Each structure stands twice: as structure tokens, then as C-alpha cells.
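Protein chains: 2
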Amino acid sequence: MGSATISAVADPKSSIAEERKTPSFPIRELTYWIDGGKRVTDTKERIMLELERDPLWKVSDHPNLTLAETRERAMSKVRRLADLATARPLEETMLRMTIVSVVDPGFWTRFGVHFGLFFGALQGQATPSQLGYWMEKGALSMQGITGCFGMTELGHGSNVAGLETTATFDEATDEFVVHSPTLTATKWWIGGAAHTATHCSVYAQLIVKGKNYGTKTFVVQLRDTKTFQLMPGVNIGDLGKKMGRDQIDNGWIRFTHVRIPRSHMLMKHTKVTHSGDVIEPALAQLAYGALIQGRVSMVSDSANVAKRALTIATRYASVRRQFSSGAPGSVETKLIDYPIHQHRLLPLMAQTFAMIFTAREVSANYEKLMGVLSDLGNQSKGAAADEAIKELKETHATSAGLKAFCTWMCLNIIDQCRQSLGGHGYSAYTGLAQAYSDFAVHCTWEGDNTILTLQCGRYLVATALDARKGMPLPANLSYLKAAISKDGSLSAKTCKGNSAEQVSSLDTLKAAWSSVAANAILNAVRDFEAGLAKGLSKDNAYEFSSASRLHAARMHTYTYLLHRFVAQVDQSPAPLRPILTLLAQLFGAHSAVQHSGEFLQSGFYSGAQIETLKGFVNFACTEIRKDAVPLTDAFGYTDYVVNSPLGRYDGDVYEKYFELVTSLNPTKPVPYFDSLIKPLLERTNETDSGPELEIDQEE
Amino acid sequence: MGSATISAVADPKSSIAEERKTPSFPIRELTYWIDGGKRVTDTKERIMLELERDPLWKVSDHPNLTLAETRERAMSKVRRLADLATARPLEETMLRMTIVSVVDPGFWTRFGVHFGLFFGALQGQATPSQLGYWMEKGALSMQGITGCFGMTELGHGSNVAGLETTATFDEATDEFVVHSPTLTATKWWIGGAAHTATHCSVYAQLIVKGKNYGTKTFVVQLRDTKTFQLMPGVNIGDLGKKMGRDQIDNGWIRFTHVRIPRSHMLMKHTKVTHSGDVIEPALAQLAYGALIQGRVSMVSDSANVAKRALTIATRYASVRRQFSSGAPGSVETKLIDYPIHQHRLLPLMAQTFAMIFTAREVSANYEKLMGVLSDLGNQSKGAAADEAIKELKETHATSAGLKAFCTWMCLNIIDQCRQSLGGHGYSAYTGLAQAYSDFAVHCTWEGDNTILTLQCGRYLVATALDARKGMPLPANLSYLKAAISKDGSLSAKTCKGNSAEQVSSLDTLKAAWSSVAANAILNAVRDFEAGLAKGLSKDNAYEFSSASRLHAARMHTYTYLLHRFVAQVDQSPAPLRPILTLLAQLFGAHSAVQHSGEFLQSGFYSGAQIETLKGFVNFACTEIRKDAVPLTDAFGYTDYVVNSPLGRYDGDVYEKYFELVTSLNPTKPVPYFDSLIKPLLERTNETDSGPELEIDQEE
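Protein chains in written order, with my numbering: chain S, 1 to 699; chain H, 1 to 699.
Just chain S, same shape as in the assembly:
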């Protein structure tokens, strides 16, 4: 101890500058490749600058706002974005919303409830004349109408068919009567209901002549658009504080015999005539489209939020120093130079790239598929329609798995990055605590993750069973072919070589994941069939196999992510290919090590090969570490978007963190010194042993 000397202090700015000296790839080119071209990058940069310069869009003080201030600030920004949304090209609006989803996720939700959910319901479920009617009333531009989306109820979330709200047709007046029969029928979590919306797209049981036709959508006016007074029979309350996204005013709504015109039911699919005839649609699956879009967009969201988290954690790790391995008095070591810190962050970096590239490919596929379906129109028969519906089902199932595992992956990335900041991760001003709270809801809404994984797993089991009967496999499940042909026995594919190059090549990793995914699906089939053999119903046999079904969905989704990642690497510009290849290998290898049991059980890798793979993970971390900061630069977020003093481009973390904290929390006298602290410090212990009793003296 006697010789201990305080460590020398290194300048944080030069600590990060040296990280940028020799990137292995052209940073700007990677940004273009991630964004989808220079034009997109330029537009995003223009939007980031516009937001940064607008005082309304200040976000660094968010932690210090009260709930009321938070909501008012958010509302004040709605108008500007609504005007831009109608005035500017759609592509630019979408990019703006992408950036806003990272900068201010709660605002993004408040805005999205109107444009995405309420107007989206009109677009997807209204007839052309209905859509025209609502657009003329200002439903697109928020001129006259602000909308919310009334699906979830207090007692009913995932099971939309089980909603209790009713819309009963009254032939006499040509109206529907919308009613909440019970407390659990109360519409709950309705974003925008508490403070913002004039109208609501209400999901309710359609009841005509005493018969229930299931859940349909109805536009119900909530408030007078001039006075904002609640309409007769409508009661609304505020759900108050949430875990995150307090920018949006979620509320509850109860309907008490509220009458709306028949034409306020959205009738693109099911129609109700004046005389009470109900005409049901030929092609119910088309309604899947909107669901898929929401899920696909959450893969992008996961990627975009993960980019920010890793920018903060990686840059801080390149500046923060702790412990010295050299002589006393030497400069402490950067966190990023510790192998364990590389292990904490760099596999998450690889996951983020997997999500970036998968998001891009599934978005493109989705757009293509929607084009095909739109061309088909209502034509529900024929080979083209069959093919499209098959693809729709596949996309529906795959997007369910992707939504679940990517949102979980991103939530984990945020928290791991936050923990990697040490104590400073617990400050509200370093960005990731709030990012976690804001993001967490992504695992629940638009389909609870666990339920989505089971949907995906059910599709995988059903597809395997169909394939066994000779039906062709969709392209993304072609890996099942070899396994299936062997009459249900497990795939015997193995890794041929033992060298690090052989066990960790992208071809080997793709084969490994395909083989293990096939295995997992066949295990779920086995459990499902065991359930049937026990005499369970089909549904109960699926429940019985749910653990292995969830697992099959996980293995399939990781396999899908790896394949999409590799496909993008293959198409990438040559100068980017080495670093992207290494990231793809790290994604596949690290995930395989995390699930080594499955790879050993399937026999693809031996125990020795798994050890070699672990060695490759170490190697890849060491290599990617050299490019860690350049990779965050390539994400292309400005300091404004990163919104964390620890994630600054210039590395000047301590000065700017101190400045931010002190400017937001100016020193003031302790407000309760006189009332609470002084009396505490100056109190004496009053003790009371009671009067002396006569009877005691007599003894």
C-alpha cells in the first residue's frame, strides 16, 4: 500500500480520437449502406438538424418535466409535424418519424396513434366512400378530427375475439348502439383518449338481430370538436403515470348506449345493410396485412434504438478508464480494452447489425407482397391468390417471431448497455434508463411477445406436418427438407472441419443454425403429436407442446436473422465486406455458443468444436474492438439524437455531463430544512415512565 500512487488521468477527447485513426472500412460508405443510399442519409441529416435547431424539440431536459409538462410539451409538437406530414413527401415523413421514434419515443406514439392506428384503421377497413368522407372531415391532416384506437379492454388484451364491448344494430333508426356492458369491457390503454382525441375507432362485437358476428370496427365520436365536451354516453378517464412514454395520454373509455349512424361501421370487409343483412368477406386473411406492417416496423425500431444504446455504451467505454495494469501512476485502462467488456458489448453490436439488415429485407418483402395482394383485389381463387395467401401466412408467422425476438433482443441490449455504464447508467441524464422504460412496451403491444412466439411456433409445426404429407415448403423453411425426408428422424448434419475457420465460416454457421432449427421444429412436432396421442384436442395438443413450440420459434427466428444478415453481407460493397462478415460470424457464433446445448444435442457441433467456436468469439471480439467507435460513427446519429453526454462524438463526457447535471439542477437552499431537518437534528428524546403509583409505594 505504501507505494500506491494515484493513476495518471488521460484526456477523454484524445482517448476517443485515437479510436478513429485507422478504421478498417470507409465509415461514410457504411452509413450509406445501412441507410439505403446517400440520398437517404442526406435527408436524415437534414431532418436531424431541423429538429435540433427547433426549441420545441429540446429533449435533454425531459427527465425534469412533470407528467403534465411532458404531455403539454408533446402536444405542442403535434401541429408542426402534422403540417409537415401533409406538406412533404411521404418518404421524408417516414424518415422523420424514424428519427423521432429514437429521439422521443413517447411523442412518436402520440403522433402515431392518430396517423398509424386511427387513420390506418380507416385506410385498411373503410370503403372508398367512407375513407373519402373521413378525409374530407380532416382525418388525415388533423384538421377537425384527432383520432384514437379503441381495441384493448380492461379485461381483454390479446384475445380480440373476446372483447366485451357491443355494437348492436337498431334497424328502426339505422344506427348502432355502442355499449360497455361490464367494468372489464372498459376500453383501456387507449392512447390519446385522455386529452387528445375527438374520435375513436372502436372494436366491438357486431350484433345484428340478436346474432353476434364477431369483432368489427366502428368510428365513435368522443368529444365535440368545437368545445371538447364529451359526447352523451361517453365517459373518459386518465390512466396517469406509466413505466414510460408519458408523452402520450392513455385513457379509459366507457360507452353507455352511445348511438352512431350505421355508416360509421367500417365496411370494407363485412357489410351491414339498412335492413340488417350482414355480408361477410370472401378473403378474411387480407386483414392480416396491417398486423404484419406493425410487426415489421418493430424490427426496424429495435435496430434503431439498439444503434443509439450501442453508440452511448461503446463511446463511453472508449473514454472511461478503470484500474491500471501497468506500473503505479500509469494511465488506467480503457473499459473497451478489457476482454470482458468486449464480450459484453460487441455481440450486441453484431445483433444490432443483424436487426438492421433483416429489417430492411423484410420491409422490402412486405411492400412487395402487399403490392401483389393489392393487384389481386378481392379475387380469392386461383393459383396466384393461393400463392399470395401462402406467402402472407408465412410472412405473418415469420414477422410474429421477428417482432418478439427482436424487441426482446433490443430490450436486453439497452439494459446491458446501461449496466455497462456503471453507476452513471442509473442517472436519468445519460439516456438509457428512460430508453429501457420507453422501449419495454414494445414487448407487449401489437401482440404480446410470448403469444406471438407461440403463433410462429404453431405455423412451424403445421408447416412441417404439411411437408411430411408432401406439400412444398416455403423458401424460408427449405432447411426442413432434409430433416423431413428422413421420416421425422433428426437431421444428422454435422460440421466437417475442426479448425476455427471451418467451424465459424458463414456457410458452416448457416448450416448449423438451419440444422438446429429443423431439429427444434421436429421436437415441437414430436411433442404436439405426443399430445394428440394422449387424446388431447388439437388446440390442447398445441398448448401441451408450447415450451418446445416457443423454442422452435426462437431457433427459426435466429436462423432467419442470420440468413438475412449474410444475404446483405453478400450484396455489400467490397470495402465493407470484411467487417460485416466478421460481425455476421460473431452473431452466428455467439448465438450458437449461447445455445450450445441445442447444437450438441443435434450433433452438429462436437464439444471440441464448441470450444473452438468460443475461441472464435474471443478472436472476433478482439478484431471488432478495433473498429468499435467507427462502427458507432457509421450509425450516423448526431449528438442531438444520441442525447447522452456519455455518448458524445467528441468524447468530452465528464465536462458535458457535469454541465448538463448542474444546469438542470441548480443549487438552491434545502426546501425542508426548517420544517423537517432542523427539528430532526435538534430533537431531544422525550421519555415518559408515567406517574408513580400509590400501590407501588405501599409494597
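A hint or two may mislead.
When chains are identical, the list treats them as one kind, so a pair holds in a single copy or across two.
What the hints assert, rightly or not - Dumping the calculated DSS-like pairs for lysine-lysine here, alpha-carbon to alpha-carbon at most 30 Å:
#, residue 1, residue 2
1, Lys614, Lys510
2, Lys668, Lys226
3, Lys538, Lys614
4, Lys668, Lys58
5, Lys393, Lys334
6, Lys538, Lys368
7, Lys538, Lys334
8, Lys493, Lys614
9, Lys393, Lys481
10, Lys614, Lys534
11, Lys614, Lys469
12, Lys534, Lys334
13, Lys469, Lys534
14, Lys510, Lys368
15, Lys58, Lys678
16, Lys538, Lys626
17, Lys668, Lys137
Hints in this document: simulated from the structure, not taken from any laboratory.
Note that the coordinates shown come from a computational prediction; the quantities given were computed from them, not determined experimentally.
Position chain H against the provided structure of chain S, taking the given hints into account.
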């Protein structure tokens, strides 16, 4: 769709009542067993009632308080607890704090900073006369003095030896000069500094006659105790909002040449004389004691918080219904009846019991060890001292691993339980969002988890190397014996039988985990030696092996948890033994399936045996599900402590959730209708194409 009918609604109260009809064990007896006897349970119940009846202790409205209100509310409770802490027996005070740590973790920290950290530093590091002096000044009872704990700095957390604050001895005045030389030397995260503390135990480099003796502790007065004005040279600021625990006022402190008497250095261990002689202690390890106590207490905290999370999630799952597997119109299925939901919650229940019983045993062992050390006094030589120091080292390492993996386990339990509530988990009023934010810091403070796991791993590697040289193994590592004796080759232990009984018996599971832990430690030894073989220094070889070292610490800690759990099961009253045995089996089996790769690689289980083990996990979940609600009852938390309408004992979740939300958020007119919403709705698009230019007309 035509035949869809709304599902029948079941009464939540009878849904939960039926769960309590046939528990397999006497609930009350399990409560006594968990608490450590009827007397403890009775005391806890008395304390819970006292808190519930005290209006100051209302906690259901916490989500709606501002930061300023939150802090003032917390301060208002300090006095009552300070009086009780001195007036009532220590055991009762400890139980009260245990309950408070669950009811109001932020307050617990505010109170604990004075009693645990500041006063704890005096107890642990002051000489008897120093301790007497500070107690006379009111340091124990907060009469005259409120304390905070000044260790962490803006630029220095885990590396205490690297702190920059200096305390330089001035022989001329017999004073120390305490100084923050740089911005990064600013004391940071100091709980109580912003608003509460008059004094601080400051960690600073002791510099005497130009020589640095390393980090020691000094009591520095921050504020005048009568006026609360800052002392000369002391600057303090507020760190503002945090992820959680906003009840405590964390601040920063900068010292500018602050002079304190020499006697304000705590001199139990190192002493400085008037003439500047520095006398260093013989037995430096004794300072470990306080560290260990903090870690051990976090195992209890993890268990106590996990109990609350599981009470909420399990009771809600027994009431909440979603989807119907029967005929249309039939009652929906309880969440807890879905196998996947059992898989989500019941392994977490098993983990919670593992932590409960481990916490109890390590606390008892710690007390015993401290007693031995205290009897030894400063005697640093001889067999007894050697033995005690060896045990201290072992306890230090094991407690490091336990602190890390139990806090991570609990954080995961909270979030999994929250997600299992679906959308309602995102409300601030259902309890688990805040529980997560409050608990998260446990993974960082009192030793960053990752660093602690590496400390534990380093001890394991060193112990294995010592054992290879013939040194005896500590009892908790006796499982290394077989592996070591084979000269470093891997343990060849295997599971003998293939039946579910054989693969999942407690004896098999203990052997399985011991074998795999031994394996993991030897792998870390192998990597460490590979580092040495590469010519790395010892420290760098440890860094090189950090991934496998962390893994070894995980495997050892899980093995330790399983062994402690089983030891408690073996001692438990006969009527409790069947359910506790099943829970211990589920803990061991589920954790093994989660890490199946390791069990397959070590060869303990074959692939077929792992499949059998998975089948056992399914079976155990189905069995424990029958007792799920009774198990939460046995945790013994009143509705006040559970503090979530979804976790109510009587199952009346919807009515009480609605009541709470509406009472805390009464309906009011939208505050910004006139200023923001009306102008939005009524705006027209002003377009401006500019004046017609003459030059254009000329064309």
C-alpha cells in the same frame, strides 16, 4: 365468425378462492419456516400493520409525486424511524428495515446511507475513542449529525485505490487538507449529500510528507448543523432525477482545500501520529468484513423483492383469463393454466426459494465468522487466525458471486413478472415497473456485478491451482477434489440412470452441478494457463481468461445456491418437505436445461437425459402450479406491502385497479385545449406562392 359469442366472465374473487382450497402443505407453517419462526412472523406482521396505519407511510400514490414531493415525503419519515431505531430492540429494527426495503426501497436507501454506510464506516474504521466521540455528537441517533458516504467519484467507481481526492497532512496545524484536484475527482452519487447530510465519511488518498499511503477514510463536516450553510471550501450540487430511488437525494461534492483535525481520520486500522508517522495495520483483510455484509444483505434483498414480484404475477395469473379452449361462450382460461405461463413463472418461484434459503444460511455463516474474527482481535498469526482468514477469503469470494448472480436473477424475475402482466404491467400503479427501476441499481453499487463475478472467478482459479499443489480445499469447493486429482483432466462423472426420477433427484442434480462447476473452473484454469504460456503477466492472464472466469463463477454460484437450498429442505418440517423438494428439483433441473450445453460437454447428462430433464421441468411446473397461490400466501406479505391491485389477496383486481387509477387521476378539463388543441383542429393551411414576378409576365 358467424357463431362467435362473447366469452362468459368469471368472478375474479372466486377464481382465486378456488386456488386455496387444497394446498398440499400447511401455509402458515411455511411462513414460519421462511421467516425463521413464529416470533419473527408475528413481529413482521405487527410492523406491517404499523406502517399501513401510518398516513406518512402511504405508498400507493408514489407514482404521482414529483421529485420534490418524493424527497420531502421521504424526509418526513426519517425521524419516526430514527426514534424507533434507538428505542426498539435491534432485531426489530432490522426486520422493520427489511420490510421497508420492499415497501419503499428509495426511503430505505436514504435511511441506510446514514445508519448503514456513514455510521457503519465509523463502527468499522473508527478507534473506540473516535466512535465514542461521534456517538456523543449524536451520530447514531441523528441528533446533531446526519451522515453520508463519500466514496465514488465522477471518474472513479470500482477502483477505490484510484480515487483522486487527496487528504494531505499538515504537520504545522495537525490537520488534513481535503481537496478535489480535478473535475473527475468530484465526489459523485453521494446519497444524502444534496439535501440531508451534515457530515461525510470521505475516501481520499492519505498523503503524509509527500508520500501516498493509499485510500483512507476521513470525516468531513459539510454543513453547519444549526444553519445548514455549507462549510468553507465545500461545494455541493444535486444529481437530480435517477432511474429509480428518487427518495434519496444523491449529490456531488467538491472539496477545495478543506481543513479537518487530524483526529477526523478514522484510525482503527492505519494511524497517523502528530509528528507524521504512519502506522499501518497488521491484518488488512479485516476490512473485508463490511464489504461482505453488504453483499450478503443483497442476497436477502433479492429474495424479498422477488417474493413481492411473484406474489403479484402469480395471483394475477390465477384471476386473469384469456382465450377459451372450450365451446363458444364458455369461461376463458386462467393464465396460470397455460403450460407456457407456468414455464414463465414457476421456475422463477423456485429461484426465489433458492435465494430465500441461501440468504438465511449465508447470513448465519457470516455472523459466525465475524464472531470468530472479533474474538481473534488483532491477532494475525497462528492456526486459528490462518483458518479464519482462509474462511474470510472464501466467504468474500462466494458472497461476491452471490451478490452478482442473485441481483441479476431478481432483476430478471421482476421484469419477467412484469411482462407476464401483459399491458397492465406497463402501468405505474401495478408495482413492477417501479420495482425494476428501483432494484436495477443493486447490480451496480456495492461492487459492479461483472467485476464481482470476475473476483469470484479469480478466487476459484487460484483455489484450484493451490489444490493442485496439495493445499486443502474449502468445504464449499470440495467438489473440485475429484476433478483435481486427475491432474487437470475433466471430471468424468455421469448420470447413471435414465428415468425421470434418476435424472432429476436432488442427489443427481447436486452431483450434476458440482461436476459442471468443477469443469467450468478447470476450463478457466486452462485459459489462465494458456495466457501465462503466451507470456502474459499474471494479471493479464487473468484478463485473458475473463470470459471463462465469469462462467466459472456463474456455475459455482448456481451450485452453491442448489446446495444451500437442499440443505434447508433437508432440515425443513416434514409437511413442508414434498413441496420444497419439488421446488429445489425445479431450480436445479430448470437451471441445468438453461445451461444444457455445459452438462452435455462435461458428459454428465446425455442428450436423451436432457430431454428427460425437460420432461421433468414440465411435470414439476404442472405440480407446483397447484400450490402456486398458496406459495405466495406463505410469503406472508400483506396487501399493503404487495402494493399492487393486481396482487391482492382477495383477487378483486379489476374493481380495485379501476378505483386506484380513477382516484389518483380524477377527470379534469384538458388543460391545453384552448392553447393547443383548438388551434390545431381549426387551423387552415396557409400557402404562399409569392408575388407574381414581372419577369415571368414578360416571357
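To see whether the hints hold, each was checked on the structure:
1. For a Cα distance limit of 30 Å, the shortest separation of Lys614 from Lys510 qualifies both inside one copy, at 17 Å, and across copies, at 27 Å.
2. When the C-alpha separation of Lys668 and Lys226 is checked against a cutoff of 30 Å, the pair qualifies only between copies, where the shortest distance is 17 Å, while the shortest distance within a copy is 44 Å.
3. Proximity of Lys538 to Lys614 under the C-alpha cut-off of 30 Å is restricted to the inter-copy arrangement: shortest distance 22 Å between copies versus 41 Å within a copy.
4. Both within a single protomer and between protomers do Lys668 and Lys58 lie at most 30 Å apart by alpha-carbon distance, with minima of 24 Å and 28 Å respectively.
5. Taking CA atoms no more than 30 Å apart as the test, Lys393 paired with Lys334 passes between copies only; the shortest distance there is 29 Å, against 49 Å inside one copy.
6. With identical chains, the CA atoms of Lys538 and Lys368 are never at most 30 Å apart, being 34 Å at best within one copy and 58 Å at best between copies.
7. Only between protomers do Lys538 and Lys334 lie at most 30 Å apart by alpha-carbon distance; the minimum there is 19 Å, versus 57 Å within a single protomer.
8. In this assembly of identical chains, the alpha carbons of Lys493 and Lys614 lie at most 30 Å apart whether taken from the same copy (20 Å) or from different copies (23 Å).
9. Taking identical chains as interchangeable, the C-alpha atoms of Lys393 and Lys481 lie at most 30 Å apart only when both belong to the same chain, with a minimum of 19 Å there against 56 Å between chains.
10. Taking identical chains as interchangeable, the C-alpha atoms of Lys614 and Lys534 lie at most 30 Å apart only when they sit on different chains, with a minimum of 18 Å there against 42 Å within one chain.
11. For a Cα distance limit of 30 Å, the shortest separation of Lys614 from Lys469 across copies, 29 Å, qualifies, whereas the shortest one inside one copy, 40 Å, does not.
12. Only between protomers do Lys534 and Lys334 lie at most 30 Å apart by alpha-carbon distance; the minimum there is 22 Å, versus 59 Å within a single protomer.
13. Proximity of Lys469 to Lys534 under the C-alpha cut-off of 30 Å is restricted to the intra-copy arrangement: shortest distance 22 Å within a copy versus 57 Å between copies.
14. Taking identical chains as interchangeable, the C-alpha atoms of Lys510 and Lys368 lie at most 30 Å apart only when both belong to the same chain, with a minimum of 26 Å there against 55 Å between chains.
15. For a Cα distance limit of 30 Å, the shortest separation of Lys58 from Lys678 across copies, 24 Å, qualifies, whereas the shortest one inside one copy, 39 Å, does not.
16. In this assembly of identical chains, the alpha carbons of Lys538 and Lys626 lie at most 30 Å apart only when taken from different copies (24 Å versus 53 Å within one copy).
17. Within a single copy, Lys668 and Lys137 get their C-alpha atoms only as close as 51 Å, which misses the 30 Å cut-off; across copies the closest is 27 Å, which meets it.
Hint compliance for this structure: hint 6 is the single one not met.
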